[in-house]
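> The whole structure should be built from the sequences, with the hints applied where relevant.
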Amino acid sequence: MPLAVYILGLSVFALGTSEFMLSGLLPPIADDMNVTIPQAGLLISAFAIGMVVGAPLLAVATLRLPRRTTLIALISVFGLGQVAGALAPTYEVLFASRVVSALACAGFWAVGAAVAIAMVPVNQRARAMAVMIGGLSIANVLGVPMGAFLGEHLGWRSAFWAVGVASAVALVGVVTRIPYIPLPEKKPQLRQELAIYRDRQVWLAIVITALAAGGVFCAFSYLAPLLTDVAGLDSGWVPWILGLFGVGALIGTTIGGRVADAHLFGVLLSGITASTVFLAALALFASSQVAVVALAFLLGLSAFFTAPALNARMFNVAGAAPTLAGATTTAAFNLGNTSGPWLGGTVIDADFGFASTAWAGAAMTVLALAAVAVSLRLQRGGGRVSRSRLIARSAAAGTGSASGVDRAVPAPGAGATGPETPADCVRSQGA
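In terms of this note's numbering, the sequence shown has 268 at position 263, counting the first letter as 1, and numbering is strictly consecutive.
These are computed hints drawn from the structure, not numbers from a lab.
Heads up, the beta-carbon is just placed ideally off N, CA and C, and yes, glycines get one too.
No incorrect hints appear here.
Distance windows between CB atoms, simulated:
no., residue 1, residue 2, range
1, G358, A101, 29 to 37 Å
2, A355, G160, 24 to 32 Å
3, V177, I256, 29 to 37 Å
4, Q384, L8, 37 to 45 Å
5, D234, V379, 32 to 40 Å
6, T351, P126, 47 to 55 Å
7, W208, G271, 17 to 25 Å
Laid out in structure tokens, this is it:
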């Protein structure tokens with residue numbers, strides 16, 4: 006495995022830490038910026054909005070740009086966004102810095118994953134993507150708790166400075182170790198790819214992904230104040246419990262990635278059902294310290310157990326859009342990461358308490374289950390081949406082989422990858 010792939014994994018560690026670390030920093034940010042915790046929670050939504058917008062736009066906008074130069078520019082902008090956040094004098098400046106950082110993050114994910122795949126043989130693509138996705142998993146296990154630890158002892162701004170330093174290290178690695186990657190000779194046909202959005206199964210996949218992710222992050226975004234204000238834990242426990250969520254996420258991704266290939270709808274139904282049960286239990290037993298700690302681990306497990314199947318489902322139904330399928334998955338995940346914290350903040354503002362975020366999240370996952378049921382029914386009852394899959398077949402036939410369809414640009418944040426088949430996508434998640 007080329008050292009450059011590990012450099013990309015290090016970069017993803019910085020990206021993932023920045024994306025999720027605010028879950029442990031909301032109380033001190035709210036105090037320092039003189040805003041409410043729900044308003045501080047909108048900073049999480051701001052990053053997600055940037056990812057939603059940035060993923061498809063930058064996937065298209067950077068297609069004809071040199072890959073190495075694009076990576077250098079994006080990681081530089083991301084690092085400067087962390088510095089701007091650390092120095093932000095007002096809430097508005099901090100909000101803007103999160104949006105800019107997210108745009109750069111989305112672009113780096115899309116381009117970086119494509120570069121990782123281009124640097125290795127076909128039979129090592131899953132391993133290469135596992136290294137990048139491993140950076141995101143380690144961010145949840147180590148980066149996010151470390152951010153909460155720094156926020157507790159040195160102030161929340163120190164967490165932004167730490168990510169800025171990690172970004173600088175990643176920049177040096179990208180400059181010195183990433184080789185020149187030639188652009189593909191065959192350019193994607195964007196007009197043809199846009200036709201996938203006429204397929205209702207694509208929209209169902211978007212809805213399922215957004216609701217499943219949003220339900221978990223509706224509660225996770227406000228886990229720190231729930232732990233301290235409702236469960237009565239000391240704030241020093243917050244980093245450890247966030248790390249426990251990350252351990253669950255790492256285990257869930259590994260298991261889900263290995264079984265979703267053969268049982269995609271089974272993973273979707275069982276994983277989202279488990280998240281619903283755990284969210285309801287969190288709402289009911291929020292005052293129990295033992296229950297809250299256990300449920301933090303289980304929520305990470307169930308949420309990321311489902312993630313590989315969510316990615317693979319999009320590649321199954323949007324096979325005609327190798328450029329947009331991954332970006333669409335990323336946008337869907339971050340629609341959930343936007344709507345979840347917003348809904349959680351809304352119920353908190355309505356004086357229902359921090360535990361109510363778990364009830365609101367459970368309501369979202371119930372809707373996700375309903376959408377999965379509709380999608381499964383359409384698939385079982387449909388003799389009709391979807392429009393996107395017809396286009397994919399005709400495109401492949403026109404070139405004489407399946408290789409005539411360009412490979413997917415991988416999805417940032419969500420863990421989608423660029424292998425040629427959905428099965429490869431799933432295996433890379435669990436590798």
